Amino acid sequence: MPEHQISMVLDLNKCLGCQTCTMACKKLWTDGDGMDYMYWNNVETRPGQGYPRNWDKIGGGFEDGKLRPSEIPTKEDYGQTFEYNYAERLFQGGPQAMPQEEVRNTPNWDEDVGAMTLGENYYFYLPRLCNHCTNPACLEACPRKAIYKRAEDGIVLVDQERCEGYRYCVRACPYKKIYFNELLGKAQKCIFCYPRIENSEANACARQCPGRLRFVGFLDDPTSAVHKLVHVYKVALGLFPEKGTAPNVFYVPPFNPPRRGSYGKSVLEDPRMPMDYLQYLFGGEVIDVIRRLEGELQRAQNGSKSEVLQLLIGRDDQVRYQIPKHGDLIQLPGGRKA
Amino acid sequence: MRFLALILAGCAASLAQTPLDPSAAEWKSAAAVSLALNRTPPLYSTDAPASLDIASVELRLLRGAAGNFVRLEWADKTHDTAAIAKAERAWQSEQLVKQSDATNRFNDACAVMIPARPVVGDLSPSLQMGDAEHPVRIFLWDAARGAAIMEASGRETTKRTGQSFPAQGQYKDGRWTVTMQLPAWPEGTPLAVAVWNGSQQDRDGRKYFTIWFRPR
Ligand code: SF4
Ligand code: SF4
Chain P
1 MPEHQISMVL DLNKCLGCQT CTMACKKLWT DGDGMDYMYW NNVETRPGQG YPRNWDKIGG
61 GFEDGKLRPS EIPTKEDYGQ TFEYNYAERL FQGGPQAMPQ EEVRNTPNWD EDVGAMTLGE
121 NYYFYLPRLC NHCTNPACLE ACPRKAIYKR AEDGIVLVDQ ERCEGYRYCV RACPYKKIYF
181 NELLGKAQKC IFCYPRIENS EANACARQCP GRLRFVGFLD DPTSAVHKLV HVYKVALGLF
241 PEKGTAPNVF YVPPFNPPRR GSYGKSVLED PRMPMDYLQY LFGGEVIDVI RRLEGELQRA
301 QNGSKSEVLQ LLIGRDDQVR YQIPKHGDLI QLPGGRKA
Chain E
1 MRFLALILAG CAASLAQTPL DPSAAEWKSA AAVSLALNRT PPLYSTDAPA SLDIASVELR
61 LLRGAAGNFV RLEWADKTHD TAAIAKAERA WQSEQLVKQS DATNRFNDAC AVMIPARPVV
121 GDLSPSLQMG DAEHPVRIFL WDAARGAAIM EASGRETTKR TGQSFPAQGQ YKDGRWTVTM
181 QLPAWPEGTP LAVAVWNGSQ QDRDGRKYFT IWFRPR
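If you read the protein sequences in the order shown, they are chains P and E. With our numbering, the residue at position 243 of the first sequence is 243, and numbering never jumps. With our numbering, the residue at position 49 of the second sequence is 49, and numbering never jumps.
Misleading hints may appear alongside valid ones.
[Said to hold, decoys possible] Some chain E residues judged to face chain P by a derived CB distance under 7 Å, without partners named:
1. Tyr44
2. Thr46
3. Ala85
4. Gln99
5. Ser100
6. Ala102
7. Thr103
8. Asn104
9. Glu156
10. Arg203
11. Asp204
[What the hints assert, rightly or not] Distance condition first, Cα-Cα at most 20 Å in a straight line; then the derived EDC-like pairs of lysine to aspartate or glutamate:
12. Lys149(P) <-> Glu156(E)
13. Lys207(E) <-> Glu164(P)
14. Lys234(P) <-> Glu296(P)
15. Lys86(E) <-> Asp31(P)
16. Lys159(E) <-> Glu161(P)
17. Lys98(E) <-> Glu76(P)
18. Lys145(P) <-> Glu161(P)
19. Lys27(P) <-> Glu88(E)
20. Lys57(P) <-> Asp110(P)
21. Lys145(P) <-> Glu156(E)
22. Lys66(P) <-> Glu242(P)
23. Lys145(P) <-> Asp204(E)
24. Lys145(P) <-> Glu151(E)
25. Lys159(E) <-> Asp131(E)
26. Lys98(E) <-> Asp31(P)
27. Lys14(P) <-> Glu296(P)
28. Lys26(P) <-> Glu88(E)
Please keep in mind that the hints were generated in silico from the structure rather than gathered at the bench. Computed from a predicted model, the values in this text were never measured in an experiment. For glycine and all other residues, C-beta sits at the position ideal for the given N, C-alpha and C.
Model the full structure from these sequences, guided by the hints.
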């Protein structure tokens, strides 16, 4: 159990699916050899196949305290990494720029497809990164003890010296957020931008997000937005809580407006997306959270002030990020341990 | 511990050139011993045990001034190896990077483990990579990544030394033959062999292993 736990809350109602976060992360951390297929941060359309394909349906995590069996995704499950025939197109008068191989799957393959209920299409964007779990299945599975969780902020890291590329971690992670670099023979994953965090600077994915939907801070810091959203207002939930890893990335679930023509009805009365899909992702508690959010919305519509909605607007960096200097962490005021 | 005993032929004088070539003439005169292979139990209680697809490994040994030459031969229906590009520009930008080809393949491999310190009498180190008082050295050959010397003093302590050793592998007609040139060891030193079958997702402790064997 770390002394402090850094955390991120993402308000899914504000995500544009623009992938700016994905590219910020890619440019900063995963543009090296062997990392081409890795997106430590990815944004997937839900309902949808996800990245890697079907990651949510292949097990991992814990069951009765034991590692639940799973699989190592193939490279095609993650998505092919292909080049275009630019030289042919530009210098040899080829007809059009085309991928150099037959493309069967890419990380964002089914963008904006979603699903239908009663003749109406619905979908939302789900940005994903390593959850820096309190009970990381990746760490549990590693026989070399190459994965560790930092005491000072709970960030989960892979010791690149000790790692032998066995990929038990890839198999164990229920979110498939730890990757294998075949060239280096090492597992690699989101480092929660720890060099930035150590400098009181928010993660690149958060800072670059035009939707301003990411909140970063310490869960055990009662003054932080993440603490308030998760523990005080209780409007943010982890993904797949039943996978047993206790994720530390939380989501304000999509508010789920009523269907067209049902304006004014409660979102639980005639929801645009089936409630059981949201329950599948966020667990049964999501219904209470949506009720709470609806209550806040009504309050605001009736002219009262909603602290929760004010906070979720996340006007500026000061509102969204509370990242004390590492040296000051020890003085976090009376917060409960994460 | 029960030991297999064997008189191994081969003498220093005949080693004019290194018999690293698996089909070198020297190997014809070296007696072969067949060592039974066992499967390690699953690492996690939730995993099914792996099947024993490879029953045994054949060991030949030539002792000479240049060290000991070991030749391992075993039947493996699947040839699990890949040409893996060397990462050179990791963590650099603005260049086309080399790609990982696959994420879920594992390579065939084998290893010879010997005690790092001279053994006393009949006592052999723990088969699980020795222990703190009885460290071991492991000479690992991987079909894709080549040879590497590792050290260990107990389970989960295996560490790369950064050193390599001369080795050659050949896959023909459903059989692997791997030759290794290892440093000389004192008379009576036991050795143990491990074999990994990539298509059975073998790596690390998920492998085939022999018990200690004392060449005489
Ligand atoms: S999300 Fe996966 S990789 Fe990240 S800490 Fe949890 S189990 Fe490990
Ligand atoms: S940058 Fe922000 S708005 Fe754009 S996809 Fe990422 S999380 Fe969504």
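Now the hints, each set against the structure:
no. : hint                    : in the structure
1   : Tyr44                   : holds, 5 Å
2   : Thr46                   : holds, 5 Å
3   : Ala85                   : holds, 6 Å
4   : Gln99                   : holds, 5 Å
5   : Ser100                  : holds, 4 Å
6   : Ala102                  : holds, 5 Å
7   : Thr103                  : holds, 5 Å
8   : Asn104                  : holds, 4 Å
9   : Glu156                  : holds, 6 Å
10  : Arg203                  : holds, 5 Å
11  : Asp204                  : holds, 5 Å
12  : Lys149(P) <-> Glu156(E) : holds, 18 Å
13  : Lys207(E) <-> Glu164(P) : holds, 15 Å
14  : Lys234(P) <-> Glu296(P) : holds, 12 Å
15  : Lys86(E) <-> Asp31(P)   : holds, 16 Å
16  : Lys159(E) <-> Glu161(P) : holds, 9 Å
17  : Lys98(E) <-> Glu76(P)   : holds, 17 Å
18  : Lys145(P) <-> Glu161(P) : holds, 11 Å
19  : Lys27(P) <-> Glu88(E)   : holds, 18 Å
20  : Lys57(P) <-> Asp110(P)  : holds, 17 Å
21  : Lys145(P) <-> Glu156(E) : holds, 8 Å
22  : Lys66(P) <-> Glu242(P)  : holds, 13 Å
23  : Lys145(P) <-> Asp204(E) : holds, 13 Å
24  : Lys145(P) <-> Glu151(E) : holds, 16 Å
25  : Lys159(E) <-> Asp131(E) : holds, 13 Å
26  : Lys98(E) <-> Asp31(P)   : holds, 10 Å
27  : Lys14(P) <-> Glu296(P)  : holds, 16 Å
28  : Lys26(P) <-> Glu88(E)   : holds, 18 Å
Of the numbered hints listed earlier, not one is contradicted by the structure.
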